[in-house]
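*Asks:* Chains as they are written, first to last, in the UniProt record's numbering: chain A, 1 to 346; chain B, 1 to 346; chain C, 1 to 346; chain D, 1 to 346.
Don't take every hint at face value.
Since the list gives no way to pick one copy over another, a pair counts as held whenever it fits inside one copy or between any two copies.
Mimicking SDA-like on lysine to any residue, the simulated pairs with C-alpha atoms at most 20 Å apart in a straight line are [to be verified]:
#, residue 1, residue 2
1, K345, P74
2, K345, Q323
3, K62, P6
4, K345, E326
5, K112, D240
6, K112, G92
7, K217, R104
8, K112, E143
9, K345, S285
10, K217, Q323
11, K345, R16
12, K345, G15
13, K345, D282
14, K345, S289
15, K217, S285
16, K345, G292
17, K217, E326
18, K62, M26
19, K217, L299
20, K112, V146
In case anyone wonders, no lab produced these hints; they're calculated from the structure.
There are 4 protein chains.
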Amino acid sequence: MTSSAPMQLGMVGLGRMGANLVRRLMRDGHRCVVYDVNPAAISELAAEGATGAATLEEFVAKLDGPRAIWLMLPAAIVDSTLDALVPLLSSGDTVIDGGNSYYRDDITRAQKLAESGLHYVDCGTSGGVWGLDRGYCLMIGGETDVVAHLDPIFKTIAPGIGTAEPTPSRPADAGGTAPEGYLHCGPNGAGHFVKMVHNGVEYGMMAAIAEGLSIIKHANVGQPDRDNKEVDAETTPLRDPWAYQYDINVGEVAEVWRRGSVVGSWLVDLIADAFAASPALDQFSGRVSDSGEGRWTVLAAVDEGIPAPVITTALYERFQSRQLGEFTDQICSAMRSEFGGHAEKK
Amino acid sequence: MTSSAPMQLGMVGLGRMGANLVRRLMRDGHRCVVYDVNPAAISELAAEGATGAATLEEFVAKLDGPRAIWLMLPAAIVDSTLDALVPLLSSGDTVIDGGNSYYRDDITRAQKLAESGLHYVDCGTSGGVWGLDRGYCLMIGGETDVVAHLDPIFKTIAPGIGTAEPTPSRPADAGGTAPEGYLHCGPNGAGHFVKMVHNGVEYGMMAAIAEGLSIIKHANVGQPDRDNKEVDAETTPLRDPWAYQYDINVGEVAEVWRRGSVVGSWLVDLIADAFAASPALDQFSGRVSDSGEGRWTVLAAVDEGIPAPVITTALYERFQSRQLGEFTDQICSAMRSEFGGHAEKK
Amino acid sequence: MTSSAPMQLGMVGLGRMGANLVRRLMRDGHRCVVYDVNPAAISELAAEGATGAATLEEFVAKLDGPRAIWLMLPAAIVDSTLDALVPLLSSGDTVIDGGNSYYRDDITRAQKLAESGLHYVDCGTSGGVWGLDRGYCLMIGGETDVVAHLDPIFKTIAPGIGTAEPTPSRPADAGGTAPEGYLHCGPNGAGHFVKMVHNGVEYGMMAAIAEGLSIIKHANVGQPDRDNKEVDAETTPLRDPWAYQYDINVGEVAEVWRRGSVVGSWLVDLIADAFAASPALDQFSGRVSDSGEGRWTVLAAVDEGIPAPVITTALYERFQSRQLGEFTDQICSAMRSEFGGHAEKK
Amino acid sequence: MTSSAPMQLGMVGLGRMGANLVRRLMRDGHRCVVYDVNPAAISELAAEGATGAATLEEFVAKLDGPRAIWLMLPAAIVDSTLDALVPLLSSGDTVIDGGNSYYRDDITRAQKLAESGLHYVDCGTSGGVWGLDRGYCLMIGGETDVVAHLDPIFKTIAPGIGTAEPTPSRPADAGGTAPEGYLHCGPNGAGHFVKMVHNGVEYGMMAAIAEGLSIIKHANVGQPDRDNKEVDAETTPLRDPWAYQYDINVGEVAEVWRRGSVVGSWLVDLIADAFAASPALDQFSGRVSDSGEGRWTVLAAVDEGIPAPVITTALYERFQSRQLGEFTDQICSAMRSEFGGHAEKK
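So here's chain A without its partners, still in its complex pose:
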């Protein structure tokens, strides 16, 4: 993880992700100018070697031209930040949106910034709270020469080629940056498009793992003393209780799947860790949020006419975890009551 050419980068937004990007960049010799609406976040990084700026004006003034400015902000405030920032910039400067913007906004923004001679790069950033040490997977959209110019920055942020075994069938001379963990995916929006779908895939993988572990957890439903909410006259009894007598430790199952299995994955690593920390997961009520990318992935699938039933089902499973299907369920209960006189079970 050593880049040949140290650069200067300005970072706007010093939340966990932004701050850790700065740290990872400084570790590798890059110089960072940092700004946040929260002065304490600036002081903290200044103490670690960054150049703090108290205002956007000061921030811009401290950056050498042509400037490279990375925004690490909630998607909802990117546009207002750009409104304040753009008038301070000069032709040839580049703004990188490293957050989770909708890729269509990238296309619009890039066109607008181009009118002022500014460049725009969208960069989907995956890695979560572990990225400082593990590196971040970067999915990048923008003009080819602009992205190439920023290569030392991306190379530092990405995990690096040594963090996974080489892909056997990949020719040694295949080139490209993908084995480093960053990829120029195409013109503006392409980076966030790929990151969006990445998150859709993440939803599907998470749901598959979670459903499986849940099926294993409930492998004891045939036990006579099982506290079964569902045993009553209206529910069909389990026909083969003898086949569901297992008390299996799902945390240990997650741990064993980490090595040598086909489902081995970082998500399995993480859930093994969660079970190790909290075997019953009882600090979680099971309300699973979704933060946009999953929804957009489904919209893209439908627009493209490509079936995406697994990803979509995983999204809806999250909606249902938050009781958003309640009216649908009430209607079904009402129909059952109408045709069969079935009262709801409590």
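Assemble the complex: chain A is given as a structure, and chains B, C and D must be docked to it using the hints.
*Replies:* Chains B, C and D alone, transformed into the frame defined by chain A:
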């Protein structure tokens, strides 16, 4: 609804379905001997013209041979009832299971009864609480001559040909009883197999209607004063609130769909009625039961290797309405917490 | 089906739907001026009593003000038709879009027409090729007084209250037009919104019925002589072949479900007819089109955050019927080949 | 990967999996007696140091008592092999089924073998063709002391603790073998139960990845020269073609996701390799087999009443890839033809 040949039928099980079957049969001139564990149920029907029997022995004694006995019982007590009943019967008698037995049990039972010279008929009965006046749709499995012998019974119970317009492409001389509303589907188990799948289809249709009405109900999510549980920093904001400003009366939508639309159906009739009786459906919490047939339909689809994603999804939607996916959801929340430091939203 | 106040209506678009609307209106005493790009379509209706117009200009001229003009056109040409038509109209005129426009286009168009003092009504029209006799279910969006003014037109086109039994719980004095088969759903776009979701529901119901009949059709997979494409070393053998020995006539099943069953519906009526006409359905290869509304329904569900897994699954099932998931499947085969050395089965 | 106590193991079934297990065991100092119906497979391993046996009798004779015999066979021939093998064994011997048997068969077999004083261990083995070097993840069911006795065997076959980073929250003194990559899950059947669900999870993860890459592949559907099979009058046109103009290299996307991303997983490693070897994957037609475990996982979910929509959807997606939904689709087309006069598009 007039059968040419009045018959005698014994009915065991005088719950709502069993009692109404007896009434419908007596209205059409058939004679009924009735038995139930609840003496009041016997008295009530005796007062309407049925012959009551206080014990199974008396019940069997009052039936002319070869006997025809209809069981209208919860699936869970059919076998124990047969254990008590069969020793009292004579070779050539027929037992009809009109409840919701699993079709595989029909195959087993028929084989067992045959050893005593008894006949067994499985009869899936659809129509719910409305069947007394509307007639019941019957899906029948059993030996051809045995089913044929019972034809007057089935003909009376079924709705009759006049209850729907003729199928235009069906030849006038096509014959068969399907246009009357009853069908001999095949050997033992075939009746309950078709009824089982019927209920699976029912699950899917119900879910489709319910989901659609729910989408219409929530066509107002773009309104600024909408009490939106989901508006906060982590959730992506609605991009086009102007497109979700409608307050649509879903009860009236159900009513209008009853006439002339492609989705016109008895289920739409019923949900229109439910909304007319209770516009907010607030007596229903949305816990939707499933009573076996939907599960068995999925098992059959998987065994056959036939994709049934809609029916299966509808079944799982019912499971989720009863929070049976809670552990799955906790696992997903735990993974989100691990990789992104996301706390659950309350 | 008698309206108290005959009106004049102009119809643009004389395909099957437009022509039959005109016929149904004329039968009830309304006067129609008709236009189409195809002169033969005009002549045919003129011979039946309509007033033909050879050009849009002539069409507009023959209509009394304030004009009421119904467009029955493919969604893709509504805007270009409006571009030609609007300049010919006068303030106070009303244009009704009776086709399958996206409801968001209705909102835009209504705003644009309002600038010229024109009114716009969106009217989702269900009923297909059967509507001439059966009536059409109408879901209407627009200004209240404008929709009210057109009431005699809608009343004639709709099936009428006598075409279904009254909803039992609906108070006799409930009022409203829904029991006639037409409904003013809300402001502009609300009509097509409800029609859009109606079609989404239709997709789900169709899929549920089709999956169920397919499971019944394949209830013979346990037969030893079954031509089973799937029997080979890699596929798990059926564990209970004895339970899948049924040859069930699915056309007769569809027919029997038409009367008294919970799944009774117009769609079941139609598939019974299709089987009566063609027992093997062999003129159909199984490529199921989708025409927009299903996709838009899914987009709305995702935007609203309402789970719609059954409707969405039905949409994807159509995509898959057209092999649009082929690349997805190739990727899965490639992964299987990588980890297990599994060659694809032919 | 060094076991403290070398053991002797007999292996029946020298396909790729069985042969590689023997090699991995011998590398670690264990002695193996090998048998297969194919003499060449025996000779090959004998040349590498194993003791070959030409018949089952010879095989049994060459094993020291109490014997440990591993079966690595297609599930369909396990029972017939046991029928031949069991009479040759002595009380106290143990048979391990390392293949993909249905866990219910394990329960039955264990009971039957116990009658002869024999022990039975079920061992789900994941790792595919890569396991020789990478190790195999083992999910084990059986009596505690019997499984403990075989520990050196399992320890050698499993990947070993060093093949993944430690789980941070797992206490150093947690103990257990899961971090080595093998786990005693519970009594007989528990091993194959966990392996079965593992494969269900695998189906879901594969489908999520494949769907996502397919959505990325088709991010160019808005390009005017795109060879779009779907452009015609009946299909709704893409509303935002400008948003689907990307030509993204999906192979490079898979490669970049291997490092630092949330979806990082062995399956992503494998598909990156597949794309590196064959960028268009054109040797795959997309007929995705399923080999039993996915089906059984769905049956278990339904029996337990646990929603598993993602795993089930992935299974049905495989069915659909093999055109098993064809009749369902024909029925949908037939309904569309009935109500709308829609001919199928070719």
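*Asks:* Identify every previously stated hint that the structure contradicts and give their numbers, smallest first.
*Replies:* Violated: none.
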